[in-house]
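Asker: Protein sequence lines correspond, in order, to chains H and V. Just so you know, our numbering puts the end of the first sequence at 128, numbered straight through with nothing missing. Just so you know, our numbering puts the end of the second sequence at 1257, numbered straight through with nothing missing.
Be a bit skeptical, because a hint or two may be false.
To be verified - Derived, one-sided and incomplete: chain H residues facing chain V with beta-carbon distance under 7 angstroms:
1) Leu7
2) His10
3) Tyr14
Said to hold, decoys possible - Simulated pairs of lysine to aspartate or glutamate, EDC-like, Cα-Cα distance not exceeding 16 angstroms:
4) Lys1067/V to Glu1049/V
5) Lys1251/V to Asp1220/V
6) Lys1251/V to Glu1221/V
7) Lys1239/V to Glu97/H
8) Lys1025/V to Asp1051/V
9) Lys1217/V to Asp1093/V
10) Lys1067/V to Asp1020/V
11) Lys1105/V to Asp1093/V
12) Lys1058/V to Asp1093/V
13) Lys1123/V to Asp4/H
14) Lys1042/V to Asp4/H
15) Lys1019/V to Asp1093/V
16) Lys1252/V to Asp4/H
17) Lys1065/V to Glu1049/V
18) Lys1065/V to Asp1020/V
19) Lys1251/V to Asp91/H
20) Lys1019/V to Glu1049/V
21) Lys1029/V to Asp1051/V
22) Lys1011/V to Asp4/H
23) Lys1120/V to Glu97/H
24) Lys1134/V to Asp1188/V
Since the hints were made in silico from the structure, they are not lab data. Note that this is a predicted model, so its numbers are computed, not measured. For every residue, glycine included, the Cβ atom is placed at its ideal position computed from N, Cα and C.
Take a look at the letters that make up each chain.
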Amino acid sequence: MKNDNPLSPHIQIYNWHISSLVSISHRITGIINIIIITLICFWVSLLLLGNSNYELIQNFFGTFFGKFVIIASAWSFSFQILSEIRHLFWDFGIGFELKTSNITGLIVIFGSFILTIFIFILGRNLVL
Amino acid sequence: MVQINLPQNSKVQKGKYYKDNTGSKNIRKVNIYRWDPSTGDKPRIDTYEVDMDNCPSKVLDLLNKIKNEIDPSIAYRRSCAHGVCGSCAMNMDGKNGLACTKPHKEIKGDINIYPLPHLKVQKDLIGDLSTLYKQYASVEPWLKNSKKDDAKENIQSIEDRSKLDGLYECIMCACCSTSCPSYWWNGDKYLGPAVLLQAYRWIIDSRDEERKERLKKVADELKLYRCHTIMNCTNACPKGLNPAKAIASIKKMLATS
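Looking at chain H on its own, in the form it has when it is part of the complex:
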């Protein structure tokens, strides 16, 4: 029998928690990372074709949008790595208490930005 009763509201009304926010971001950054890695592969194979390609890409990365893309992908990788480590601990059955998972979730969120800054500093040769 077909049930024509209405469906009660779900994602429209449900509160976001730290854990659900990190979970959906983990998925989104995962998809973005696949795209970025594919693009890096194309970039590397383009470089093989000669000097003019190198300059083209160099100019793109020099623009504001190019810099944004680089920093955004550094953040995306940072987030994915930290969140993946969190999942690794979960797979061992560690860190499921509500308090622990909220703390590790916050570490992932703030840590991803700190790691991005760290990568940026390393990349600009500001230290070492």
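Let chain H serve as the given structure and place chain V on it in line with the hints.
Answerer: Leaving out everything else, chain V in the frame of chain H:
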């Protein structure tokens, strides 16, 4: 399937406004999801002005007050009023919980009350849980033991018994399952946190003799592994249990056995 928007017949509309007629100074607005199957109308949100000076502390008391004094047509489930039966599970202030244990003081601003998310509504705050009950039956939630000697006690060590702590307290209120996005999108196939916690309760019971069969039955891409550790279940549980951990324990048992 992920379906972010509600279907056409489920779109919520603005409903009636019940003005306070007690002349009280301490008024709170309560927005309640309403749907009547006897009319062809779409669901609506009715707003009630409630005199909080003469209202006990819990959300269920608030609902009782509205039903007794303002609008007797409102429908919701309730029974024990002490957080034991799990009847009054609903979505309050964007989070699932038991209306009888949730103080309305904890809610800031207007009080929004919806039925449990992503269920077929039967009337007002009553959702259809028959799929969940069918899934519960599918894990065969009873002791399977070949011992015929009923006269003797079935002895369990203190250590083995303690493995059931945090599992046996579950009252099947469905707060966790209906808070889970994976269960929203795949509720027909994925068992959901409530049923998986129950499945684990029987898998880990030392007196049960069919652990292997139980594990084999639940080890399924859709039944079990749709859990992506979103943790909404643990956040929602009004009894403070941890379904996410129970599901992880099943996954761990399967990976190591």
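Asker: Compare the structure with each hint and give your call.
Answerer: Taking the hints in turn, this is what the structure says about them:
With a cut of 7 angstroms, the hint placing Leu7/H at the interface with chain V holds, because the nearest CB-to-CB distance is about 4 angstroms. A distance limit of 7 angstroms between C-beta atoms decides the matter here; for His10/H the minimum to chain V is near 4 angstroms, and the interface restraint holds. A hinted interface residue such as Tyr14/H counts as satisfied when its beta carbon comes closer than 7 angstroms to some beta carbon of chain V; here the least separation is about 6 angstroms, so the hint holds. With a CA separation close to 13 angstroms, the supplied pair Lys1067/V and Glu1049/V stays within the 16 angstroms bound.
A C-alpha spacing of about 10 angstroms is found between Lys1251/V and Asp1220/V, which places the hinted pair at or below 16 angstroms, so the restraint holds. As the CA atoms of Lys1251/V and Glu1221/V are separated by approximately 11 angstroms, the hinted pair is consistent with the 16 angstroms bound. In summary, the hint linking Lys1239/V to Glu97/H is supported, as the alpha carbons are separated by about 14 angstroms, within the 16 angstroms threshold. With a C-alpha separation of about 8 angstroms, the suggested pairing of Lys1025/V with Asp1051/V holds against the 16 angstroms cut-off.
Using a Cα cut-off of 16 angstroms, the hinted pair Lys1217/V and Asp1093/V is violated, with the two alpha carbons roughly 37 angstroms apart. Between the alpha carbons of Lys1067/V and Asp1020/V the distance comes to roughly 14 angstroms, so the proposed pair stays at or under 16 angstroms and holds. At roughly 11 angstroms between alpha-carbon atoms, Lys1105/V and Asp1093/V fall within 16 angstroms of each other, so this suggested pair holds. Distance check on the hinted pair: Lys1058/V and Asp1093/V sit about 13 angstroms apart at the alpha-carbon level, within 16 angstroms; holds.
Taking the CA atoms of Lys1123/V and Asp4/H, the gap is about 13 angstroms. The hint holds against a cut of 16 angstroms. A hinted pair counts as satisfied when its Cα atoms are at most 16 angstroms apart, and Lys1042/V with Asp4/H qualifies at roughly 11 angstroms. Restraint check for Lys1019/V and Asp1093/V: not satisfied, since their Cα atoms lie roughly 21 angstroms apart, outside the 16 angstroms limit. For the hint pairing Lys1252/V with Asp4/H, the CA-to-CA distance comes to about 40 angstroms; that exceeds 16 angstroms, so the pair is violated.
Distance hint between Lys1065/V and Glu1049/V is fulfilled; the C-alpha atoms sit about 11 angstroms from each other, no more than 16 angstroms. With a C-alpha separation of about 13 angstroms, the suggested pair Lys1065/V and Asp1020/V falls inside the 16 angstroms cut-off, and the hint holds. Annotation: proposed proximity of Lys1251/V to Asp91/H holds, straight-line Cα distance about 8 angstroms (limit 16 angstroms). Under the criterion of a C-alpha separation no larger than 16 angstroms, the hint pairing Lys1019/V with Glu1049/V is consistent with the structure, at around 6 angstroms.
For the hint pairing Lys1029/V with Asp1051/V, the CA-to-CA distance comes to about 9 angstroms; that is within 16 angstroms, so the pair holds. This hinted pair checks out: Lys1011/V and Asp4/H have alpha carbons roughly 13 angstroms apart, not beyond 16 angstroms. For a cut-off of 16 angstroms, the pair hint linking Lys1120/V to Glu97/H is broken: about 32 angstroms separates their Cα positions. Between Lys1134/V and Asp1188/V the alpha-carbon distance is near 10 angstroms, which keeps this suggested pair within the 16 angstroms criterion.
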